[in-house]
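Protein chains: 4
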Amino acid sequence: MTINGSDHNLDSEHLVRSEDPQHPANLICTLCRKFYTLGWRFSRRFEQVTGTGGGTSIRHGPHIYIAPSGVQKELMEPTDMFVMDFESKEYLRKPKSHKPSACTPLFMSSFTLRDAHCCIHTHSQWAVLITLLVERDFGPSAPFEIERIEQIKGIPKNYARDANGKVAYLGYFERLRIPIIENTAHEEDLTDSLQQAMNDYPDTYAVLVRRHGVYVWGDNVHKAKTQCESLDYIFQLAVEMHKLGLPWMPKD
Amino acid sequence: MTINGSDHNLDSEHLVRSEDPQHPANLICTLCRKFYTLGWRFSRRFEQVTGTGGGTSIRHGPHIYIAPSGVQKELMEPTDMFVMDFESKEYLRKPKSHKPSACTPLFMSSFTLRDAHCCIHTHSQWAVLITLLVERDFGPSAPFEIERIEQIKGIPKNYARDANGKVAYLGYFERLRIPIIENTAHEEDLTDSLQQAMNDYPDTYAVLVRRHGVYVWGDNVHKAKTQCESLDYIFQLAVEMHKLGLPWMPKD
Amino acid sequence: MTINGSDHNLDSEHLVRSEDPQHPANLICTLCRKFYTLGWRFSRRFEQVTGTGGGTSIRHGPHIYIAPSGVQKELMEPTDMFVMDFESKEYLRKPKSHKPSACTPLFMSSFTLRDAHCCIHTHSQWAVLITLLVERDFGPSAPFEIERIEQIKGIPKNYARDANGKVAYLGYFERLRIPIIENTAHEEDLTDSLQQAMNDYPDTYAVLVRRHGVYVWGDNVHKAKTQCESLDYIFQLAVEMHKLGLPWMPKD
Amino acid sequence: MTINGSDHNLDSEHLVRSEDPQHPANLICTLCRKFYTLGWRFSRRFEQVTGTGGGTSIRHGPHIYIAPSGVQKELMEPTDMFVMDFESKEYLRKPKSHKPSACTPLFMSSFTLRDAHCCIHTHSQWAVLITLLVERDFGPSAPFEIERIEQIKGIPKNYARDANGKVAYLGYFERLRIPIIENTAHEEDLTDSLQQAMNDYPDTYAVLVRRHGVYVWGDNVHKAKTQCESLDYIFQLAVEMHKLGLPWMPKD
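Chains as they are written, first to last, in our numbering: chain A, 1 to 252; chain B, 1 to 252; chain C, 1 to 252; chain D, 1 to 252.
Check the hints yourself; a few may be wrong.
A pair counts as met if it fits within one copy or between any two copies, since identical chains are not told apart.
[Said to hold, decoys possible] When the alpha-carbon atoms are kept at most 27 Å apart in a straight line, the in silico DSS-like pairs for lysine-lysine are as follows:
| no. | residue 1 | residue 2 |
| --- | --- | --- |
| 1 | Lys94 | Lys243 |
| 2 | Lys96 | Lys153 |
| 3 | Lys94 | Lys251 |
| 4 | Lys99 | Lys166 |
| 5 | Lys89 | Lys157 |
| 6 | Lys94 | Lys166 |
| 7 | Lys243 | Lys166 |
| 8 | Lys153 | Lys251 |
| 9 | Lys94 | Lys153 |
| 10 | Lys89 | Lys99 |
These are computed hints drawn from the structure, not numbers from a lab.
Put together the whole structure using the sequences plus the hints.
What follows is the structure, given as structure tokens:
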């Protein structure tokens, strides 16, 4: 069962070989293992990176590091990484035995349109259920909206920065709105509608995909990870609220 | 508490002794421990291999490796493995202190009728609930069917191979159909109806057993594992959809 | 935060000091850690041994080993064990800093009335919910009953042994029946009704306690553990079936 | 991704450097890692300390140790701790790269008004759902109340001590009552209503915050942790009871 290819042009080796645990090629592996393990641990969220689903990408200086498609997340190695030049969009490194991730143009959209440095894609069942509940209760073009849940304070309000370059986060009395786009036969075909949603919702740090999952990005790996966790907490809570007949937006 | 027997004819020792982690005798143990641990971790799926339930088998060259019955999955050792000759169906190795798995003829069916090389059997509660919901809502002979869930793309479409010998996977707009057979008093008595279901559904890589669980196979261990994960994701999602009144097959 | 006392009469030291991982004093600690960890891992079942709830006891030759009350399960040490003489019911060892478990007379009942060698008590939420559903739907004196779930085959049918001293397990078409007793203010006051239930249900290997949890015993640690796992699987499945309007006993 | 600052006035180093695992600076880290890991493991409760939510504080002699805000719980180091003088309320130690926790005045309230030595704050989804169910079914000023669940015996009855200085715990037939306060835009603004609730409910060891979570304290770390676990068990069970139409307070 050889699933991690290592047949690749050796002169690109230096791009993924580093002792630094913070090097993106190492970080993606740590993150994928963590997600896989966490995934299996936190109740319904194992599916985030179940088997070979989901994915993640990190932008590091002039380079984009992308986890390959179809590799068991917990077995990912730095040498499995694809590396792309951010400017030319050309692959500086292509492990021969792997397929590039179909999410690549979507990850890239968060880097180019949002200046993000990390983008995470999951198949969270909570996200999928939210897209179905919103469609049925509010219509196909409605976004997911929720108010007055403490955890929304974990999501940035917009891209504005204060004097110290700090981002502002949503307030408890503000509204979290995540756009939902329709799924397509091929993941790369989501790119146009994802970019459209980014334009229609200039403040959003995430886009839900109907019957599919969610894309979440952040200024760095730490923020992308914690925003992904906070959103999944909110999606899960919202589904439980729906089961109990509790509205997402308090009347009063 | 001696539960792992090691009293066996020593001349079969070489069949299960290997330094290679990819050797099937080692792989089954890794898989069982992983499933057990994952099982305990991912919410409702611990039951997949709870206690001594479920099982797995690997076909390796001329040999079939089978985990014994009634052994705690997390404590399984290579020396606990049964080894059978694929052609003669004779045991090359029988740990005296263990019972052969009652699943053996079912595992074998996937190897002979489908040319699979790994077969996994679980008692997933999601699988059991699906078989009950389908029976009540669609009748005793209906299969489980679902459409337009991204994760079905993780399941092969059929056994056809392309020029490069690659298998095609279900498309997002295609329908996943898993046959359901009735349970029997003794597991081995499932063999005929399992084989019948394989004939009636020539494309399926899995068969659900009412009130019991599911059998999933694949071309290799990696594929069997990820297909098992993807199916369980879909079963779990489908149960949650049912709780929320969301149909498995969108009207439009 | 000293929670594991070690002030105890040293001449009883030999009772709990052993290099053998199978020695009961070590086994209970392993079991408690495993349960605690598993507990935290398997969805709703963490509460089985949450904090200081639940407990376990092993009968070993002339001695009974009992985990103390009020000790964090994951931090339990062999020196925390109480040891009682099976005949005289006198403590051979009492760690001064600990309270003996209030479950002691209940554990003892399974040893004396059932010749069990291990008894596990949990506060499984699934068990608690089952006792409430049975009371409401079938009345205060009804037992929990379920049929035709493959996993019931993991529960012994009665105490009869075959020629080889093997116990028979429930068949798929047979009925699992677990008596339910009312809870009392003090755990030790459950003893009479527990023993009454054991007499009224001479075949049962477990007794549910309303609004409290379950007691499960077995011929040895391995069997008590796997029977506890199988029952909790069944309790959890039965609660999910109830949520989905699926009857525990098929009509036909 | 440097998220754990270590730039701090070195002369405060001795406050957080200790080989003793029981030293509060080490205990908080152990606790946070444990909660994070457990969090990810136990089904819905990962959110307790998801990402950077929740927090904990320990009072140790004349000092208060407080985990910083916005640090990934699993990566917390002793050098990340804030240390405050209990009398003067002045910081003896402020890691420059961190923000003090907004929970500080709330933790402090449990130390000053209740003489607690450890306070834990979580965003448990079960706690959030309970606050919403109570508001809808019993009104905005109603507390959460439940009776006759064995696990309530894990919660102290009041602050009275017996001759040996032991605290009394709730009896099975007594009622657990946890006050609920309304959430505010800024966490520190909860202080007045939290203290009001402590006065209105002089026996309580916890306060729920609507749409936010819960604060739980104890005489020491061990008690705060197990009381937090017991309460979350009860919140989770109460939500499941509500789904199944089972009342929190038995009629008879």
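Open item on the list: Of all the hints numbered above, which does this structure not satisfy? Sort the numbers upward.
Closed with: 1, 3, 5 and 7
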